[in-house]
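> For the sequence shown, this note's numbering assigns the number 165 to the initial residue and increments by one for each residue that follows.
By construction, these hints were calculated from the structure, which means they are not laboratory data. Please note: incorrect hints may appear among the correct ones.
Claimed, not checked - Just the calculated beta-carbon pair ranges, DEER-fashion: (1) H214 to Q377: 38 to 48 Å; (2) L417 to T279: 40 to 50 Å; (3) H214 to L298: 16 to 26 Å; (4) P364 to D212: 29 to 39 Å.
Just so it is clear, CB atoms sit at the ideal spot from N, CA and C, and this is done for glycine as well.
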Amino acid sequence: MTTRVALIGNSHASALGAAAARLDAAYPDLDFSHFALPRHGFQRAHMDDHGVLHADTDNRRDEAFIIKLNGSASIDLTPFDHIVVAGIGFNRRTLFAATEAYDILDLTLTGKEHTISLAHLQTLIDSRVRGNLLRTLEILGEDARITLLQAPYETEQILTVPDQLLEAARHPDAQYLMDMFETLIKGAIADSPYQVVTPPHALLAAPFLTKAQYNRAADIDAAQGRGKADFTHMNSDYGFEIFKAFAHQQLNLAPQVSCDKREV
Numbered sequence: 165m166t167t168r169v170a171l172i173g174n175s176h177a178s179a180l181g182a183a184a185a186r187l188d189a190a191y192p193d194l195d196f197s198h199f200a201l202p203r204h205g206f207q208r209a210h211m212d213d214h215g216v217l218h219a220d221t222d223n224r225r226d227e228a229f230i231i232k233l234n235g236s237a238s239i240d241l242t243p244f245d246h247i248v249v250a251g252i253g254f255n256r257r258t259l260f261a262a263t264e265a266y267d268i269l270d271l272t273l274t275g276k277e278h279t280i281s282l283a284h285l286q287t288l289i290d291s292r293v294r295g296n297l298l299r300t301l302e303i304l305g306e307d308a309r310i311t312l313l314q315a316p317y318e319t320e321q322i323l324t325v326p327d328q329l330l331e332a333a334r335h336p337d338a339q340y341l342m343d344m345f346e347t348l349i350k351g352a353i354a355d356s357p358y359q360v361v362t363p364p365h366a367l368l369a370a371p372f373l374t375k376a377q378y379n380r381a382a383d384i385d386a387a388q389g390r391g392k393a394d395f396t397h398m399n400s401d402y403g404f405e406i407f408k409a410f411a412h413q414q415l416n417l418a419p420q421v422s423c424d425k426r427e428v
């Protein structure tokens, strides 16, 4: 019996979309549908009383782009057995900003002028994680079919870019901080109907940094309105691997073929 899986989310869902052919080949018993709402589209989306997720756009140009990308400005989620939501960041920028501004008592001190206790930091991050989760619940509702994919950490090339909130990645206790963050995510999820997949550590070059090989593109064309490098979005290899983690964790499935991207 075929299992229907909706792969939805914000711009990070593009990695899953790029891996579509490989996923179809590797998981023949799964029937995939894709629906991505780039930029801030997912945060503006709403679910109607019939289980249809709609894009809320400010103008026809945005709506036309979403329709071109997905074939529609909405997706009926009622027929699916599983709904996988890509790109949930859980407000990690709060942790990055805190480690930029403060030394954390009980961890290795790095010479900053101001300090914050570890307990206070944990309380702060927990509230921000739960706030992000609450917003997702407001959009999608309480639905046990839903698994959230934590947004990928930036790729390691970002360390070459000045003025980034990356003190957490450079911190002597970076592994502890990342483990704390992901533990708080899992704790919040345990109090919800959802499941979560955090980035498999095999995909990471170091705490808070994804391996360079998974970066979608080091440069974004200036014509697209962005003048700086993009180390945030991942390629089809990442999309395949993060779905593989979901399939193993939630479906007890392994890919039936290796599915190198050159084979499809």
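> Take the hints in turn and mark each one as holding or not.
Right, here's what the structure says about each hint:
no.: 1; hint: H214 to Q377: 38 to 48 Å; verdict: 42 Å, holds
no.: 2; hint: L417 to T279: 40 to 50 Å; verdict: 47 Å, holds
no.: 3; hint: H214 to L298: 16 to 26 Å; verdict: 23 Å, holds
no.: 4; hint: P364 to D212: 29 to 39 Å; verdict: 35 Å, holds
Figure legend: structure checked against the earlier numbered hints; every hint is met.
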